[in-house]
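All chains should be modelled from the sequences, with the hints used to inform the complete structure.
The opening position of the sequence shown corresponds to residue 17 in our numbering, with each subsequent residue numbered one higher.
Don't take each hint at face value.
Quick list of the computed label-pair ranges, beta carbon to beta carbon [said to hold, decoys possible]:
#  : residue 1 : residue 2 : range
1  : ASP73     : THR186    : 40 to 50 Å
2  : SER188    : GLU224    : 38 to 48 Å
3  : ARG231    : ALA111    : 20 to 30 Å
4  : PRO205    : PRO166    : 23 to 33 Å
5  : HIS187    : ARG72     : 34 to 44 Å
6  : GLU241    : ASP221    : 34 to 44 Å
7  : ASP230    : ILE107    : 12 to 22 Å
8  : ARG192    : ARG72     : 38 to 48 Å
9  : ARG155    : ARG72     : 36 to 46 Å
10 : GLU224    : VAL147    : 37 to 47 Å
11 : LYS108    : GLY177    : 23 to 33 Å
12 : GLU224    : ARG245    : 30 to 40 Å
None of these hints come from the bench; they were simulated from the model.
Backbone N, C-alpha and C define an ideal beta-carbon position, used for all residues, glycine too.
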Amino acid sequence: MAIARKGSWRDLSSAQAAVIAAALAVVPALITGITTSYVTFQSSITKAKEEVLGERDIRERLAKQLPIRPGYAKHVYPQYGIGFIAPTAWIKDDAPVHYGIPDIDIVQRYTDQKAAIGVEFKLTQVQSNYVNDIVAEVRNQKDVWEKNDPKITVTDATLNGREAKLFHYTHSTGKRIGERRVYWVRLVPEIKLQLQGFTYTDEPDREEFWREFDRIVESTVIDQELIDRKRRTASQ
Numbered sequence: 017m018a019i020a021r022k023g024s025w026r027d028l029s030s031a032q033a034a035v036i037a038a039a040l041a042v043v044p045a046l047i048t049g050i051t052t053s054y055v056t057f058q059s060s061i062t063k064a065k066e067e068v069l070g071e072r073d074i075r076e077r078l079a080k081q082l083p084i085r086p087g088y089a090k091h092v093y094p095q096y097g098i099g100f101i102a103p104t105a106w107i108k109d110d111a112p113v114h115y116g117i118p119d120i121d122i123v124q125r126y127t128d129q130k131a132a133i134g135v136e137f138k139l140t141q142v143q144s145n146y147v148n149d150i151v152a153e154v155r156n157q158k159d160v161w162e163k164n165d166p167k168i169t170v171t172d173a174t175l176n177g178r179e180a181k182l183f184h185y186t187h188s189t190g191k192r193i194g195e196r197r198v199y200w201v202r203l204v205p206e207i208k209l210q211l212q213g214f215t216y217t218d219e220p221d222r223e224e225f226w227r228e229f230d231r232i233v234e235s236t237v238i239d240q241e242l243i244d245r246k247r248r249t250a251s252q
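So, in structure tokens, the structure goes:
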């Protein structure tokens with residue numbers, strides 16, 4: 017009686033053997049791919065945790081530096097390294113921040129003509145031709161605004177201990193004359209913080225508004241550690 021013999025590698029056709037060999041060859045690559053994906057996933061989780069913890073640390077660091085004043089609220093933006101206080105009655109209008117756009121309005125009120133009387137914080141890029149020439153940047157901006165107000169002034173100032181420029185000018189808005197004060201301060205050579213206040217020259221509480229503006233400016237803190245870290249990351 018013939019005894020059935022178990023199949024062996026040698027019993028396979030060349031085509032079958034090739035298929036099995038190819039399948040076996042894929043296994044190491046598959047294992048490597050799974051391992052790499054897992055490591056990448058874990059690395060992403062670790063990075064996300066570090067970012068959350070880092071942002072929390074920055075938030076706490078900024079908040080601690082802000083003065084406590086009755087009737088004022090603290091506003092902290094750890095993603096941009098900026099914090100300040102403003103009257104609690106003022107409106108925070110910062111929707112762009114949630115889309116990664118560093119543009120923050122703190123509005124005292126909106127007029128019947130829909131104009132916003134208040135303060136704006138905005139991070140803006142410095143044109144590459146001005147990175148090493150602040151004097152030219154300030155002079156050219158003054159020339160532009162001087163067309164609206166020949167009496168425009170530009171003075172040296174400080175903001176959170178940093179050198180700044182303060183523009184002060186008026187301009188027509190139709191039936192009324194608007195008044196602006198604009199601070200420029202370089203955070204890094206390529207980025208500046210623009211902090212400006214706006215009201216009308218005929219507003220009954222104009223002087224009080226500018227006093228509030230000065231308090232907001234004086235309270236502003238900047239986290240240079242974050243600014244420097246972002247610059248290093250951007251240059252990599």
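Note to self: Of all the hints numbered above, which does this structure not satisfy? Sort the numbers upward.
What the structure shows: 2
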